[in-house]
Amino acid sequence: MRNIRYLLTTSIKQQRADLNEFRELTYRCASLRLDKICTYNSLIRNLGKNQNPDDVRACVKREAGTDDLFCEKFNPNDIWGACDEQDCPFYQRNNDFFRILKEFEKTIQVRKNFWDEKMR
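Quick note on this note's numbering: the sequence shown kicks off at 1 and runs consecutively.
Hints may contain errors.
[Said to hold, decoys possible] Here are the simulated SDA-like cross-link-like pairs (lysine to any residue), alpha carbons at most 25 Å apart as the crow flies:
| # | residue 1 | residue 2 |
| --- | --- | --- |
| 1 | 112 | 79 |
| 2 | 118 | 8 |
| 3 | 13 | 112 |
If you are wondering where the hints come from, they were derived from the structure by calculation, not from laboratory data. Treat the numbers as computed from the prediction; the structure is a model and nothing was measured.
Let the sequences and hints guide you as you build the complete structure.
What follows is the structure, encoded as C-alpha coordinates:
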(Lines of atoms letter the chains of each structure in order from A and count residues from 1; the text may use other names and numbers.)
(Lines give C-alpha, C1' and ligand atoms only; values in the text may rest on other atoms or scores of the structure.)
Protein backbone atom coordinates (compact mmCIF):
# COMPACT_ATOMS: atom_id res chain seq x y z
CA MET A 1 0.00 0.00 0.00
CA ARG A 2 2.82 2.39 0.85
CA ASN A 3 4.37 1.70 -2.56
CA ILE A 4 1.20 2.77 -4.35
CA ARG A 5 0.79 5.85 -2.17
CA TYR A 6 4.43 6.81 -2.85
CA LEU A 7 3.93 6.43 -6.61
CA LEU A 8 0.69 8.43 -6.58
CA THR A 9 1.75 11.24 -4.25
CA THR A 10 5.38 11.76 -5.26
CA SER A 11 6.26 13.68 -8.38
CA ILE A 12 8.13 11.92 -11.18
CA LYS A 13 10.98 14.38 -10.68
CA GLN A 14 11.26 13.39 -7.00
CA GLN A 15 10.97 9.69 -7.82
CA ARG A 16 13.87 10.04 -10.24
CA ALA A 17 15.87 11.95 -7.65
CA ASP A 18 15.15 9.21 -5.09
CA LEU A 19 16.19 6.51 -7.54
CA ASN A 20 19.43 8.38 -8.30
CA GLU A 21 20.12 8.74 -4.58
CA PHE A 22 19.56 5.00 -4.12
CA ARG A 23 21.91 4.24 -7.01
CA GLU A 24 24.56 6.48 -5.47
CA LEU A 25 24.19 4.60 -2.19
CA THR A 26 24.58 1.32 -4.07
CA TYR A 27 27.75 2.57 -5.78
CA ARG A 28 29.05 3.88 -2.44
CA CYS A 29 28.47 0.45 -0.86
CA ALA A 30 30.37 -1.23 -3.69
CA SER A 31 33.23 1.26 -3.41
CA LEU A 32 33.46 0.85 0.36
CA ARG A 33 33.37 -2.95 0.00
CA LEU A 34 36.38 -2.72 -2.30
CA ASP A 35 38.14 -0.30 0.08
CA LYS A 36 37.45 -2.72 2.94
CA ILE A 37 39.01 -5.61 1.03
CA CYS A 38 42.04 -3.55 0.02
CA THR A 39 42.68 -2.23 3.53
CA TYR A 40 42.25 -5.73 4.99
CA ASN A 41 44.82 -7.01 2.48
CA SER A 42 47.21 -4.27 3.61
CA LEU A 43 47.10 -5.80 7.11
CA ILE A 44 48.43 -9.16 5.89
CA ARG A 45 52.05 -10.14 6.20
CA ASN A 46 53.09 -13.25 4.29
CA LEU A 47 55.48 -15.44 6.23
CA GLY A 48 58.46 -17.28 4.83
CA LYS A 49 58.84 -21.05 5.18
CA ASN A 50 61.12 -20.90 8.20
CA GLN A 51 59.73 -17.73 9.75
CA ASN A 52 58.27 -17.95 13.25
CA PRO A 53 54.86 -16.19 13.38
CA ASP A 54 55.57 -15.04 16.94
CA ASP A 55 58.56 -13.02 15.68
CA VAL A 56 56.46 -11.05 13.18
CA ARG A 57 54.28 -8.03 13.93
CA ALA A 58 51.18 -7.81 11.78
CA CYS A 59 47.42 -7.88 12.19
CA VAL A 60 47.17 -10.93 9.96
CA LYS A 61 49.99 -13.40 9.44
CA ARG A 62 49.64 -15.73 6.49
CA GLU A 63 51.55 -18.93 5.93
CA ALA A 64 51.16 -20.96 2.75
CA GLY A 65 48.76 -23.84 3.29
CA THR A 66 47.51 -22.80 6.75
CA ASP A 67 44.79 -20.61 8.19
CA ASP A 68 45.53 -16.96 8.81
CA LEU A 69 46.87 -16.12 12.24
CA PHE A 70 45.51 -12.95 13.85
CA CYS A 71 47.24 -10.62 16.25
CA GLU A 72 45.66 -10.95 19.69
CA LYS A 73 44.52 -7.32 19.42
CA PHE A 74 42.89 -7.78 16.00
CA ASN A 75 39.37 -9.04 15.48
CA PRO A 76 38.01 -8.24 12.00
CA ASN A 77 34.48 -9.15 13.18
CA ASP A 78 34.38 -6.51 15.93
CA ILE A 79 33.52 -3.17 14.34
CA TRP A 80 34.89 -1.32 17.40
CA GLY A 81 38.11 -3.36 17.55
CA ALA A 82 40.62 -0.86 16.20
CA CYS A 83 44.10 -1.33 17.58
CA ASP A 84 45.36 0.96 20.31
CA GLU A 85 49.02 -0.05 20.08
CA GLN A 86 50.45 3.06 18.44
CA ASP A 87 53.99 1.74 18.11
CA CYS A 88 52.85 -1.12 15.86
CA PRO A 89 53.85 -0.68 12.21
CA PHE A 90 50.30 -1.67 11.19
CA TYR A 91 48.57 0.78 13.55
CA GLN A 92 47.50 3.32 10.91
CA ARG A 93 46.41 0.66 8.42
CA ASN A 94 44.44 -1.07 11.18
CA ASN A 95 42.63 2.13 12.10
CA ASP A 96 41.94 2.84 8.42
CA PHE A 97 40.41 -0.63 8.08
CA PHE A 98 38.06 -0.10 11.02
CA ARG A 99 37.13 3.41 9.88
CA ILE A 100 36.15 2.02 6.48
CA LEU A 101 34.40 -0.95 8.09
CA LYS A 102 32.25 1.38 10.20
CA GLU A 103 31.44 3.58 7.22
CA PHE A 104 30.60 0.49 5.14
CA GLU A 105 28.25 -0.92 7.81
CA LYS A 106 26.56 2.47 8.22
CA THR A 107 26.09 2.90 4.46
CA ILE A 108 24.70 -0.64 4.11
CA GLN A 109 22.16 0.15 6.83
CA VAL A 110 21.16 3.46 5.19
CA ARG A 111 20.71 1.66 1.87
CA LYS A 112 18.72 -1.14 3.50
CA ASN A 113 16.27 1.36 5.05
CA PHE A 114 16.23 3.80 2.14
CA TRP A 115 12.90 2.92 0.54
CA ASP A 116 11.13 2.41 3.87
CA GLU A 117 12.15 5.94 4.83
CA LYS A 118 11.07 7.39 1.48
CA MET A 119 7.67 5.71 1.57
CA ARG A 120 6.66 6.85 5.03
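If you draw a straight line from the CA of residue 112 to the CA of residue 79, is it 25 Å or shorter?
Cα-Cα ~18 Å, so holds.
Given the hinted pair residue 13 and residue 112, is their alpha-carbon gap at most 25 Å?
holds, 22 Å
Holds or violated: residue 118 with residue 8, Cα cutoff 25 Å?
holds, 13 Å
Of the numbered hints given earlier, the model fails none.
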